[in-house]
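> Residue numbers (our numbering), protein chains in the order written: chain A, 47 to 371; chain B, 47 to 371; chain C, 47 to 371; chain D, 47 to 371; chain E, 47 to 371.
It is worth saying that the hints were derived from the structure and are not from the lab.
Among the clues, some could well be false.
[As the list claims (entries may be wrong)] Computed beta-carbon distance windows for the label pairs: (1) GLY352/A <-> GLY352/C: 54 to 64 Å; (2) ILE337/B <-> GLU229/C: 52 to 62 Å; (3) ARG366/C <-> ARG141/E: 29 to 39 Å; (4) ARG58/C <-> PRO102/E: 18 to 28 Å; (5) ASP198/C <-> ARG199/A: 32 to 42 Å; (6) ALA66/C <-> LEU103/E: 50 to 60 Å; (7) GLN262/B <-> SER209/E: 48 to 58 Å; (8) ASP358/A <-> GLU342/B: 19 to 29 Å.
Glycine residues also receive a C-beta, built at the ideal position from the N, C-alpha and C atoms.
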Amino acid sequence: MLINCVAYQNGRKLADIAVADISEYVARPDCFVWVALFQPTNEELDEMAVEFKLHPLAVEDARKGHQRPKIEEYEDSLFAVLHTLETAPDDPDARLVRGEVAMFVGRNYILSVRHRTQKSFAEVRARCEREPELLRNGSGFVFYALMDTVVDRYFPILDGVESELEGIEEQIFVHNAARSNIEALYALKQKLMVLKHAIDPLMEATGKLYGGRVPQVCTGMGEYFRDVYDHLHRIHETIEGIREMLTTAIQVNVGMISLSENEVTKKLAAWAAIIAVPTMVAGIYGMNFKIMPELEWTFGYPFAIGLMAAIDLYLYSRFRKARWL
Amino acid sequence: MLINCVAYQNGRKLADIAVADISEYVARPDCFVWVALFQPTNEELDEMAVEFKLHPLAVEDARKGHQRPKIEEYEDSLFAVLHTLETAPDDPDARLVRGEVAMFVGRNYILSVRHRTQKSFAEVRARCEREPELLRNGSGFVFYALMDTVVDRYFPILDGVESELEGIEEQIFVHNAARSNIEALYALKQKLMVLKHAIDPLMEATGKLYGGRVPQVCTGMGEYFRDVYDHLHRIHETIEGIREMLTTAIQVNVGMISLSENEVTKKLAAWAAIIAVPTMVAGIYGMNFKIMPELEWTFGYPFAIGLMAAIDLYLYSRFRKARWL
Amino acid sequence: MLINCVAYQNGRKLADIAVADISEYVARPDCFVWVALFQPTNEELDEMAVEFKLHPLAVEDARKGHQRPKIEEYEDSLFAVLHTLETAPDDPDARLVRGEVAMFVGRNYILSVRHRTQKSFAEVRARCEREPELLRNGSGFVFYALMDTVVDRYFPILDGVESELEGIEEQIFVHNAARSNIEALYALKQKLMVLKHAIDPLMEATGKLYGGRVPQVCTGMGEYFRDVYDHLHRIHETIEGIREMLTTAIQVNVGMISLSENEVTKKLAAWAAIIAVPTMVAGIYGMNFKIMPELEWTFGYPFAIGLMAAIDLYLYSRFRKARWL
Amino acid sequence: MLINCVAYQNGRKLADIAVADISEYVARPDCFVWVALFQPTNEELDEMAVEFKLHPLAVEDARKGHQRPKIEEYEDSLFAVLHTLETAPDDPDARLVRGEVAMFVGRNYILSVRHRTQKSFAEVRARCEREPELLRNGSGFVFYALMDTVVDRYFPILDGVESELEGIEEQIFVHNAARSNIEALYALKQKLMVLKHAIDPLMEATGKLYGGRVPQVCTGMGEYFRDVYDHLHRIHETIEGIREMLTTAIQVNVGMISLSENEVTKKLAAWAAIIAVPTMVAGIYGMNFKIMPELEWTFGYPFAIGLMAAIDLYLYSRFRKARWL
Amino acid sequence: MLINCVAYQNGRKLADIAVADISEYVARPDCFVWVALFQPTNEELDEMAVEFKLHPLAVEDARKGHQRPKIEEYEDSLFAVLHTLETAPDDPDARLVRGEVAMFVGRNYILSVRHRTQKSFAEVRARCEREPELLRNGSGFVFYALMDTVVDRYFPILDGVESELEGIEEQIFVHNAARSNIEALYALKQKLMVLKHAIDPLMEATGKLYGGRVPQVCTGMGEYFRDVYDHLHRIHETIEGIREMLTTAIQVNVGMISLSENEVTKKLAAWAAIIAVPTMVAGIYGMNFKIMPELEWTFGYPFAIGLMAAIDLYLYSRFRKARWL
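Chain A with its partners taken away, still in its complex shape (with noise of 0.2 Å):
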């Protein structure tokens, strides 16, 4: 589906163009177009790819999807894949939801090509158009604005899976918290790992458009991609932070199971302790000796019952302090 075609010149927005006059704006040396897809047909693509003459390993990518993030160059042109990350609106805690996007940059013209994400960049559009002087840079520039965009979208998902990891800590110690703290680490783990694969791969991308040997498109931008990189950077590095507690998280939710069955072998001890002394002195009373002296006497059986009483209550006491009990 066709979102937006639109001709810049100089910064500033010329008019929607019809896609058969894409090619034509694009030989224009002073200006560029934009154009946005979402799930395109096989037939829009092909006709992007004949009106900006894009390489058909690059499209054949676009088409199918289900790439890893990569900026690739072929010629004078960028090939970018980035993953987007969604949570179900209605269920936060949900399955991050994966959609790509995938964006064709050349000298004068950027085509971005949305796959399963709900969120548009309508917004990137906006301001952008808000901005003439910084606009005025061209296809570069609007590839950066758009990169950045996405990237500022991990931050509140990175918030969530580290706000998650605190929630599971406060619960770590807690008795009989060890099952669903186990599932919860195991289901923090997974969704770190579709973060982490969709960042590494794309810092390490973008690293290269920036410093030394870089694209053309990007020349004079330099500092704007760099930042990019910096946001990428801190957030690989907030996972593997976070990666390395979950590591440890396990481990440590592990030892407190072995802990809390501890607790309950000890619990068990006490109390069949407190159980098999009355039997055992009942069972001494009940044998059928001819002479038992104590049987005889009058208050035999609640010195019996105190006896075991007695007992109880000091075993009681002591598995109480060695906190058994």
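Given chain A, work out where chains B, C, D and E should sit, using these hints.
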């Protein structure tokens, strides 16, 4: 066994030729020869070595098989070994069968030697012959097409591994599935290692087929080999992700075992108490003291039984609340 | 809040100057301006950006805070972010409070922006002013002095972490300390990760301030920045060492939990035997057989009691020897 | 002990020569000397050092042995140390015996010094002498032939380790094999580490014998040394794979121990119940209440026994169903 | 404390000289001064700094001590810090005592500063003076000789660690050694980390003293420093090997704890059964039914006792067979 031996000119099939004529066609600057062998005898391989003037070390590797995946330069020719992975058709969960494809690629010849691999590459030849404008690129393009096919065949296996992991993940927090989970996780790890050993060295080697200094037979095909590299990189990252989740899953599974042991211990303790308390009471009323008023009561016996039942009901409800039962 | 705004010439303080005069002093080739801000308002920061001609991306980072430590070049100036770590004064074991110091360093100015950091850098200014021969080196030297101070303040925190680890290590083989150990180890790991995230990126960035290609404002100061790098490297290695010992300590602690469970089980088993055997004997003499000679014996009852005691004494001494009790 | 001391010319054996004549033959440009020592005395080694003009540090290393595998350049000669690994012939499962082969390789000499290694290299000499066209390449080729032989001898040991791992894997889910599994896994790990320490440094060193800047004595042999490197790389990867599976196998085995503990606990609980319930019933009918109607019944006793049996049968079948028994 | 202050010329001792004369001798092109200090006072160090013209940052490091091992260039001189490790003479198993040796090496002087190290380097001086042809190489050779000595002193400590590991490995599958094993493994890990922190940074630094760009004072000594590097590399690899085996040993030890818990549980279960069954039988014959034929039998009592004994014998032999007892 010789499968095919064909000479091509200008991207079009010239003729099926005799093995003895190969060296003659190879000598022609404008045509190339594409030979496919399947588990060749020593004699067949020696004959090829003579016709194509292959390096003895490479021939030795192709003869013996059991090489690690690699791409080696011998002067202006390449020797490549790729692993093929196939599941037994009747048992998709079984161990993977590892075969090998060795390829000798020169300026105007390509020789593929297939070992322990059911699936042939006839479809590659057919597709190449349908696209003469691409086949015109010569042996380098055929080399790409064969690699691409081998790599594409890894994807369904990887998908199988991923869905096996998902299957286990659904079982991981289910009661009494610990043993089968742990067996499945171990088997999956074995499968993953086979896949990893097929991918990683190949990825590393493929990375040298585009970019800076490139073997002569691959020049001008950089974007195609980068595409293969990209697929391998994607598989590599998925494998690493699964590997990490497997480690976590095993760790979590061991935790679940401890947890379920914990629950058995609690159940055991609860039932032990429920049986032990009436036994103690019975023991007390089985004592032989002369004076035990309850024994004389008309409803002493029902009272004792009632006492036992009451205590047990109380215990049962407490254990229920505490989720020990 | 503006803390200080001073112009220096030839290593000596020239005058406290007004913010509006900064750009005038910065323009003089032979003097430099050193400004310190503490949690500035947006207006203060904007004014500085104008006076010093700061890059908007850097200003944005200083305004928002929550950056990872970094040192970035903007043309011939540097933008550095360092984390400050402070313990709450009333609770040294509590979580570390992470603050930030952002620094803008140009050929003849340095601007420091302190966020969420109690301890000021007044002492650095005082020391610098006492050593005019060093301060003569200009903004590069002040940059070094500030970095050195921030890094030196990591050492007492690191020492605290080390002695906490030693404290836990002394407890690790002590009975019944498993729960508190494991909680302490987890808290220590969290602290360590905070420290690690402050150090590692900074170390990497500092490594570029000496040796080969060095930013202009740092030239001639190589040995000083190498000294800072060396301190950071030392902290880094200590952190890595602690991290590895922490992992081992957690593993060992889980082992100690299992071991202590083992001992509880043994104790439980021993006492169960000591109670169960007399109960069995009592049961036997409680049988109602017509002919049971012992029951007729005068000393049958003491004999039975003696038998029970003898068996128990024997069991007790055996369990003692086997260290089950 | 001197094993051989032979001069070669043009790839053919010239003569067995006396040690004292070595320096004379080494001086001839068109011939080379190949000497083999086995556990030489200090005097033998000193004599060789004089004849070949060996570097004192290298001689010292060859004398003391216990070096790590390495290949060092001393001006235009090489000094190489390789580990040989042998299994005791009577006990293939025992620890590996580590020997050493040191080699001094100059433009026209090669001296091998064998320590603690049963198997000689006589076969290498024999094969070389049968292939004069290869031996014509001089000391560099002999160096290759010896390295190739040492490396080839690692393969059966690696195969042994692999099949030991497979043997353990078949046992890993078998009941009651945990102790022997864990011992076998630990012993295997020890073996693997010995292998790893022989391979990894050698692989690294061999990687410098082909490609870019190559020691003079190896020039023109690049493809041969790459072949050795390739074998070492294959062994290295197999070792890494086994190492990872070993870690997983130990982890899984610990899980299986917990699981089997779990099963013992369940069995224990089940039998305890089956014994405790009749004991309780017997206790009840052992109470001394005056009025207990059942006691008067003619079939009271069989009824009680029947009750016990019925309860136990019911329990037994339930435990069976739940797979506790 | 000043230990020695000697001037050398042409590899031979010239004279013991006064500290105040050092700068005079250092100025002579053909001689060099070798000074040894042991825990110097601030004044001694300041005097040296003046005489040798040392860099203030290096002097500061030598004064404060507690540096990580490093080799730093200051213009044409070197500043090196090495860790010395010593075991307390009366307790070889105790923690290692870490000392430091700082060395200032210039074109014609070397100054060593020893901290917290019992063993002096007098032997190095004596050996150097016995080999004037080597000592002629000047301060670079003395630097090598001191480093070589420090590194050689690591080997007995490493051997101690290795044999401690072997000692634990022999105990690891022994019953009831779990607690002492785990304590020993932890202590060994601590020792290993101390060793690792002494070796790894030094190895890295030493790697820069030979090969490509080498500090001036080390030129022409490449093979000697490579030898030191090689020793450090060997120690490094042994440490890594021990580290991995330690991790595995701890893991295995935890497994053995679980296994032994398993065995205790089985023993407990077996004995519980052996006691519980007679108790049940006794309970049955202790019931008060009017009609219980066995009670009337003449040999009822022996029959009951026999029954109990028979069941127990049967149980005992079954448990024995199942290796529960």
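> Any of the earlier hints contradicted here, and which numbers?
Violated hints: 1 and 6; rest satisfied.
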